[in-house]
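Please work from the sequences and hints to get the whole structure.
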Amino acid sequence: MASSPMEALTPADEYSIKSFSPQYFPETSRIESLDVIKGIALLLGLFVTVYAWGGFSDGMQYQLIGKGKGSQHIIFVALSFFLEGKMRGLISLVFGAGMILFMVRPHAGSPVHSAELMVRRNMWLILFGLFNALVFIWPQDILFHLGIMGLLLFPFCRMNTRGLIIAMVLVSLIGAGKNYWYFADDQKAYKKFLVVQDLEKKFSKDSAARMNTKDSLLFKKAQAGKLSVADSTANKKAADSLAKKAGDTLTRKQNDEKQAWEGTAKKFIYDGKADSANNKEIQANNYGKNWNYLLPQIKSRESVWFYRNGVWEFAAIMLLGMFLFKSGFFNGRFSQGQYLMMTVFGILLGLLCGWYRLHFLNVSILDYTVYVKTKAIPHTILWPFERAFLVFGIAAKIMWVIKTGLFKRITSVFADVGKLALTNYLLQSLFLSVFFYGYGMGYYGRVGQYKLYFLVAEICLTQIVFSVFWCRYFYTGPAEWLLRSLMYKKKIPFRRKENESSLNPEQSLKTVI
Amino acid sequence: METGNTNIPSPLPSASGDTAEAILQNGNTSSPRPVEKSDRIQTVDLIRGFALLGILLMNIPGFGGADGFMYFNTLSGPHNTKDYMTMAVIFTFFDGTMRGLFSMIFGAGMVLFTMNKKELPGGPSVAEYYYRRLLWLVLFGLFNQYVLLWFGDILFFYGLMGMLLYAFRKSSPRFLWILGFVCIGIGVFKSMGPYNELRQTRIDYVSAKAAEKEKKKLTPEQEKALNAWPEIEKNNKPDSVRSAERIKEMRGSYAQVWNELLPGSAGYEIGYTYEGLWDILCMMFIGMALFKVGFFSNQVRGSTYLLTLLLGYGVGITLGYYFFKGISNNFLHLGAYLDSYRVPHNILYDFRRLLLCLGHTSLLMLVYRSKLVPWLMKALANVGQMAFTNYLVQSIICTFFFYGYGFGNYHKLSFHQLYYVVFAIWILQLIYSSIWLKYFRFGPFEWVWRSLTYWKKQPMKIENQKVASSGI
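Chains as they are written, first to last, in my numbering: chain W, 23 to 535; chain Z, 3 to 474.
If you're looking for bench data, these hints aren't it; they were derived computationally from the structure. Among the clues, some could well be false.
Straight-line distance between alpha carbons at most 30 Å, and here's what the computed DSS-like set of lysine-lysine pairs gives [to be verified]:
no., chain 1, residue 1, chain 2, residue 2
1, W, K213, W, K89
2, Z, K226, W, K275
3, W, K511, W, K210
4, Z, K226, W, K210
Computed far set for chain Z versus chain W, every beta-carbon distance over 10 Å [as the list claims (entries may be wrong)]:
no., residue
5, F145
6, G337
7, L365
8, Q419
Being a predicted model, the structure only gives us computed values, none of them experimental. Just so you know, even glycine gets a beta-carbon here, dropped at the ideal spot from N, CA and C.
Laid out in structure tokens, this is it:
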């Protein structure tokens with residue numbers, strides 16, 4: 023068979039980069055806008071991930087949303103609107119787009135096919151992720167997930183734009199459907215709880231009736247007015263044994279059902295005791311103890327969360343990134359006005375979905391039992407769309423800024439951060455791990471909201487300066503260098519020559535737009 | 003000519019010659035004599051067919067009844083019953099080996115699929131077809147798990163694990179052997195953790211109990227230990243209430259069965275992928291290594307097969323029986339087991355089944371060479387050629403036969419009676435596979451899978467019937 027169906031699926035990539043360059047780091051075929059977006063997402067994302075690093079527990083966050091007032095509340099909610107899940111989204115967006123770039127960009131100097139390199143890169147990325155999660159003890163690592171997603175979505179690289187956007191919408195719908203499903207489970211649990219509760223009421227009524235029969239010893243005592251305090255425990259015991267005789271006790275299953283809901287009902291409630299117990303564990307000044315304590319969280323994030331939610335969250339945005347890449351979005355195909363329109367469209371719709379989420383989250387926090395009783399839809403239902411719209415809007419905004427060419431100096435700085443994204447990401451983990459966990463400085467749970475933001479701002483500043491200087495002397499960051507060397511199975515040169523400089527924003531932008 | 007390797011078909015029908023070439027080039031480490039093209043590929047199908055039928059031996063208790071309860075009753079009862087003897091034979095000879103063989107052949111098929119395809123820079127590559135194929139396989143796995151309701155599906159995992167294999171397709175057999183044993187090692191290491199923890203609980207309990215006997219004052223930790231162990235022991239015993247409930251649900255409607263299976267299915271897919279992947283990967287790597295030295299393609303000397311047969315069965319069966327006694331002991335008397343064994347029998351699991359897999363393969367190869375029962379070999383190869391279809395058909399038949407929305411025979415047959423069902427299904431599959439392949443190039447599900455992979459309807463009918471029957 024001469025004609026392969028692959029060709030039928032190959033899109034006309036008229037906007038994707040096809041330049042050839044006999045280097046391992048073909049900078050002319052780098053798309054600067056991807057680096058800029060990556061850099062911005064990497065730095066801003068830390069403003070929300072720092073909550074988990076610093077021991078600002080879920081319960082505390084819910085309390086801040088539900089009962090908080092003043093600037094702390096406002097800043098928290100604003101960050102939740104714009105950053106929570108969206109910066110991770112932007113990174114997935116760029117990762118998805120980068121996959122296609124990787125496939126169409128020639129890897130000259132290497133006899134290996136791009137597909138082969140792609141597979142190797144993603145497998146190494148999985149190991150980098152395991153390293154980040156297991157050595158820096160960071161349960162919310164994303165490299166592990168990105169590596170797996172890179173393998174899973176690899177076949178989509180050749181899909182056309184229409185197919186990609188359909189796949190993206192389908193995946194988002196599945197994500198929303200699953201969020202609904204989890205809520206429906208809560209509703210079911212509540213219904214079962216109500217049945218058990220009624221049963222218990224009936225039992226206690228029966229038991230009281232039995233105690234009031236005339237031949238009951240306690241009844242006689244009470245009649246004579248001789249019932250003492252000690253008798254009240256005896257009373258309870260007697261009632262229990264009578265109930266057992268009458269078969270009036272909850273079965274194991276009923277007990278489980280009761281407890282299941284009682285746990286669920288508390289999921290939005292701040293539990294100070296649990297928090298301080300948690301803080302104590304993580305503040306323990308022993309690496310082994312920290313590791314053992316956090317290991318279940320790492321495992322659950324990498325397995326249960328990924329299976330239930332993560333895979334859909336990553337897939338949706340990565341597919342969006344592939345779609346946008348093939349539409350020429352990152353190459354500056356559209357006009358300034360068009361990018362501005364996209365920004366307004368994306369951000370407005372995203373904020374609308376975000377408002378829905380936060381409003382109903384607020385209602386859930388106030389009383390989840392009432393919420394389950396009265397509402398049919400959970401606050402998370404629009405989450406996949408909120409992310410997609412806002413990620414799209416923010417990306418369009420960044421593209422607009424690049425397109426105007428007004429802030430070249432600034433965008434090139436972020437591009438440098440983005441070029442070293444992997445290095446910077448791992449450095450963040452290293453630093454925050456040492457700073458917060460007990461084996462290091464042990465600031466976990468001891469730093470307030472504003473101080474956390476301040477800390478992150480300091481980290482961002484450091485990383486910006488570091489990245490700009492590093493890029494003057496080297497082609498690529500140390501972690502990127504390692505990944506590439508492993509991928510090509512040989513040592514790659516990464517020092518720039520004396521007179522060569524990357525600080526030439528004008529030129530690099532020209533190649534982009 | 004169809005290569006017969008339909009589990010991992012070549013991307014283009016015209017490229018089928020390449021696969022045979024590939025084996026010629028890569029399987030030559032110990033092949034003194036050239037073997038017919040069709041021979042080589044057929045033996046892979048033969049082993050796959052054998053493994054596919056064999057896998058039902060291990061799956062049938064899951065389909066047929068509340069297995070934990072059934073195992074417990076059978077193992078704790080007298081040893082001269084049919085049920086007990088069936089169980090002893092099944093566990094000694096087959097436990098884990100069919101899944102192991104299937105994984106090995108999957109690895110071999112992966113090498114077959116990707117080998118010797120020319121990859122032009124920039125052009126479409128084998129990798130893309132391969133990953134597309136596997137992504138569909140993952141979806142088929144989900145279909146088998148959540149729609150056909152076979153809660154022990156393996157396609158899902160094979161799809162995912164296959165994605166990890168690609169990078170190793172060109173590795174040397176030696177390196178693959180090392181990888182295989184590293185995976186076995188990791189598996190053993192990971193299983194030791196929970197065992198040690200359990201054992202510590204038991205040790206604490208025993209010492210607390212001793213202290214209690216001597217009427218010493220117990221520390222709070224000892225009090226805790228006294229309560230912790232009986233709880234574990236209680237949970238270890240099959241819960242008859244829970245079993246009864248499961249049987250009731252499984253004999254119910256489709257929705258009831260679905261709801262009953264859901265938590266277990268999700269947990270299985272998560273746990274087996276994340277914690278249990280070594281179990282699959284080790285055998286896949288070893289399978290790739292064995293394929294590369296020509297072990298599956300009938301390229302090894304007869305004496306080598308004879309020696310691996312002796313070693314595989316000689317040691318494997320002994321270990322297998324010892325293992326069976328060990329785990330049933332563990333299952334029935336957990337406390338005493340923990341007291342007497344520092345290391346559980348489970349660490350033998352993979353070595354035992356590796357040996358048995360070698361034994362099974364060698365036996366098959368020797369029988370194949372001897373030409374004693376060519377009709378049976380041909381029939382098995384046919385089953386193997388449409389293995390994907392046959393695997394799903396096993397799910398369809400068994401769920402309909404046992405679950406409530408079908409004939410509702412769930413938990414009605416005793417352990418040994420379940421194997422009558424297995425024999426019936428075997429005969430059925432041997433017959434229809436042979437008939438089907440007379441008229442069609444591949445099985446119906448293979449056709450769907452293939453068409454989805456290439457996103458184009460694939461030709462299915464055989465134009466010239468002579469070609470089909472010359473498959474062997």
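Checked hints:
1. Between W:K213 and W:K89, the direct Cα distance comes to roughly 28 Å. Compliance with the 30 Å bound is thereby established for this hinted pair.
2. The suggested pairing of Z:K226 with W:K275 holds, with an alpha-carbon distance near 24 Å, which does not exceed 30 Å.
3. Under the criterion of a C-alpha separation no larger than 30 Å, the hint pairing W:K511 with W:K210 is inconsistent with the structure, at around 54 Å.
4. Distance restraint check for Z:K226 and W:K210: the Cα-Cα separation of roughly 34 Å exceeds the 30 Å cut-off, and the hinted pair is therefore not satisfied.
5. With a minimum CB-CB distance of about 15 Å to chain W, Z:F145 clears the 10 Å threshold, and the non-interface call stands.
6. Consistency note on Z:G337: stated as away from chain W, and its beta-carbon is indeed over 10 Å from all of that chain's, at 22 Å minimum.
7. Here Z:L365 stays apart from chain W, with its beta-carbon at least about 36 Å from theirs, past the 10 Å limit.
8. Every Cβ of chain W is farther than 10 Å from the Cβ of Z:Q419; the closest lies at roughly 31 Å, confirming the non-interface assignment.
The structure fails hints 3, 4 (numbered hints given earlier, in ascending order).
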